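Chains as they are written, first to last, in the working numbering: chain L, 70 to 757; chain C, 1084 to 1183.
None of these hints come from the bench; they were simulated from the model. Since the model is a prediction, treat every value here as computed from it, not as a measurement. Where hints are given, some of them may not hold.
As the list claims (entries may be wrong) - Using 25 Å as the maximum straight-line C-alpha spacing, the simulated PhoX-like pairs for lysine-lysine come out as follows: (1) L:608 <-> L:757; (2) C:1093 <-> L:446; (3) C:1088 <-> L:238; (4) L:451 <-> C:1093; (5) L:393 <-> L:357; (6) L:388 <-> C:1093; (7) L:116 <-> L:106; (8) L:238 <-> C:1089; (9) C:1089 <-> L:239.
What the hints assert, rightly or not - These stretches of chain L come out as covered by chain C in the derived footprint (C-beta under 8 Å, 3 or more residues): (10) 221-228; (11) 289-297.
The C-beta atom is built at its ideal place from N, Cα and C for all residues, glycine as well.
The chain contents come next:
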Amino acid sequence: MSNRNYNVFFNIHTVSGIVISAALYIIFFAGAFSLFKEEIGIWQEGKAISHTERKNIDYDRILKNIDEKHELTGRDLQINFGKNNDKIYVRLDASKDSLASEKAKLRDYFSVDINSEKTKSYAENYSLGEFLYRLHFFAQLPYIGIYLAGFVSLFFLFAIVTGVIVHWKKIISNFYSFNPKIALKRVWTDAHTALGIIGLPFQFMFAVTGAYFCLSLLVLLPANFLYNGDQNKLMEDLRPISISSDWIEKSNDAMPSFNQFAKQTAKRWDDFHLTRGFIKNYRGTNMKFVINGELKESKRFIGVGSISYDPYSGNIETKKDPNKLSYLEDSQFVLGRLHFGESGGISMKIIYFILALITCFVIITGVLIYIEARNKKSVTLKQRLYTAKVGHIYMAICLSMLPVTALSFLFVKLTNTYFNDKLTAIYSFYFIVWLLIILFFRFKRYNYYINKVSLLFGAIFGFLIPIINGIISGNWIWKTYTQGQFDILLIDVLWIVIATFSLLFYLKIKPKVKEKSAFTKNPIDYKNIEALKLDEANKLQATPKEPNSITTKQTDKNHIEMRTKIIILWLFLGLGWIVHHIYGLFNIYYNETLIMDGATGEAPLIHHIYRILFEGLCLLFALLTIEVSKQWFKWTAFIWAIIAGLYNVYHFVEALLFESSNISEIFMLLLVSLASIFLVRNLFLWKK
Amino acid sequence: MPANKKYLTKSPWQQFAKISAGILGGYLISALIHMCLPLWLPNPKEILITSIFTLFIVWCALLIVPFLFKNGWKAWLLYLVIIAILYGIYIIGNQKNPFI
């Protein structure tokens, strides 16, 4: 590999890695715990569970109960059976029957206790496990969170591949030359490479499957073109289970038994466990029962089967034998199996857990190498402060996750019966505590301290978890062990192990180690930071500037002053919008009637707001730029230019797709989009 | 130990060109490849379902390629040519589309 390519790869590995690192750490850390999502839920409830086989649950009684409350006729139902919890999860779609009441047209999702038949809403049933599971794809950020996680995943794949290219030659030597007694940076570089390579297949798998789960939209898009936009047909081929049929009418026959069907299905194949049931068109003449299930994990890696059944006639309509593989249907399950570590029981999950934490370590070492390598005497103070700041923020975000998560386990245990809306309680507790700790650490500006304190408190809270669990719900580890409540036991033991390791690391990390850091050899004196900054500024001024940098600007005949440029661009945008609105009216000459549906003769307020936002604000910014040049104004203008620019580009693409015949309008929109891009660029330069 | 700056692109426009070529152009090529293959090869549905893993891997490879170029706009040019060719192959293959 040429020298240039090596350096280019090295740089893109570093940059892509740093950009995604904090987000990726959160994904892996929360993801490690979400492997035990269901167990955490059981642990939090603290009640002994019965491990009822799914086929022995009395669905008929449960359905009758739900029917009384939610009027099921005409709805599609989805029932997630769960694994061995005492709860099943029911999703109700809106009733398709036109005669149905308003209530029956509301969708719903809740859990049902299989013994007491009590239902609990999603928020009441929320557990820390669910929270961490959702945190691992940023579901707490509405709409964009999951796509953000998807792109982090994609760039993780990118960082993995470039990482292998960069480190290829050093892989084996780093393995043997690993010696923690030399400079700290060497320890981190060697650990980064060695552990990165050990986890490589695992990380590669997560990057690909994670991208699929979050960005499946981008996979469906090309497929959608192939099906010529026929989404129903595409879904029928890819996810046959999600298809629903039209409602015909209510049947007069008695409701057939779901229990019997569940028992029959489970008996059909050996070691077959039910996972999910569907009832389509509840009580309709074309009602359908569907049950999915899987063979035991130890028997087959992928053994997914399903039966769809007409309950009135008792005929089986379609069935898939779990002992036979079908590439088409099973490929998507492979991704799920791999991603969630569902193939080898608890031991596989533990291996996944360890590998996920190793990945966290690789991410952290990557950040540490980045900041260590950039703290040299030869680098300017401004740059050193910048990398140090990035390091402090990243370390604060990442390392504080351990104590915050441990503390949240204590929180949910102590308050489990106190809050009805557990969702809000967990959200507020976790995020507020996390934010406060991040802020505290960030202004402490001391990575060694951040690490020590995080480990120490992680250990303390971790050891408290089984103790508090014993005090609050009486589930002491010896009791849960003898009673066979292994789900609860697992979480307690997991935390004892994590706390033990945290304590070990805490004791192992000594000030001696810190002395090897580049920040000890080459410290930044934050107390005298103003003096240092001044010092450097003076030094820079002392060195003579390039003499012709100002004069060239004046002799350049093509030069336009920055503010003039920005004013012209704002005016152009404003005019562009006005012209666009006039062109938009062009249609009425040829094919549109003059008065729109529902027009009252009075322009609605929203149109005024819309025009002020797009025409008015552009002109306002143009006007203000003539007189104002304060920093806050530059920032406001910059941000608004970005928002307007995004809208312009979006509008241009939208017009291209839906109004491709209106050429003059599209051309105008293209000009406006271009002007927006220029404007954003110029404002960016101006605010510097 | 940071990468030697003398080999790196400094112009933000060049950086923009390379990154946008990788993300946008890379996705378009990757998507078009996965639209052409099932049209021209046997077992179209099986190939289509395979795209759930291969799409992202191909995309990732195409994210890297523009960085090998000195001039990012040339990478865009190359990608546009490939996109045009693949689109042609798709249009021809789409005449006997097995999915409709």
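Check: CA of residue 116 of chain L to CA of residue 106 of chain L, is that 25 Å or under?
Finding: holds (16 Å)
Notebook entry, point to check: Holds or violated: are the alpha carbons of residue 608 of chain L and residue 757 of chain L at most 25 Å from each other?
Noted result: holds (21 Å)
Checklist line | Annotated coverage of the segment 289-297 of chain L by chain C, confirmed only when three residues or more have a Cβ within 8 Å | finding: holds (count 7)
Note to self: Against the 25 Å threshold, does the CA-CA distance of residue 393 of chain L and residue 357 of chain L hold or violate the hint?
What the structure shows: Holds. Residue 393 of chain L to residue 357 of chain L sits at ~24 Å (cutoff 25 Å).
Item checked: 25 Å Cα cutoff - pair residue 451 of chain L, residue 1093 of chain C -> Between residue 451 of chain L and residue 1093 of chain C the Cα gap is close to 19 Å, so the pair holds against 25 Å.
Notebook entry, point to check: For the segment 221-228 of chain L, do three or more residues have a beta carbon lying closer than 8 Å to a beta carbon of chain C?
Noted result: holds (count 3)
Note to self: Hinted pair, alpha-carbon criterion (25 Å max): residue 238 of chain L, residue 1089 of chain C. Please report holds or violated.
What the structure shows: Within the cut-off at roughly 22 Å; holds.
Note to self: Can you confirm whether the C-alpha distance between residue 1088 of chain C and residue 238 of chain L stays at or below 25 Å?
What the structure shows: Distance ~21 Å between residue 1088 of chain C and residue 238 of chain L Cα, so the pair holds.
Margin query: Does residue 446 of chain L sit within 25 Å of residue 1093 of chain C, going by the straight-line distance between their CA atoms?
Written below: holds (23 Å)
Next item on the list: For the pair supplied as a hint, residue 1089 of chain C and residue 239 of chain L, confirm whether the alpha-carbon distance does not exceed 25 Å.
Entry: Holds - the C-alpha atoms of residue 239 of chain L and residue 1089 of chain C are around 23 Å apart, at most 25 Å.
Note to self: So if I understand the rule, the pair passes when the alpha-carbon distance is 25 Å or less; does residue 388 of chain L with residue 1093 of chain C pass?
What the structure shows: The hint is violated at about 60 Å.
Hint 6 from the list above is the single one not met by this structure.
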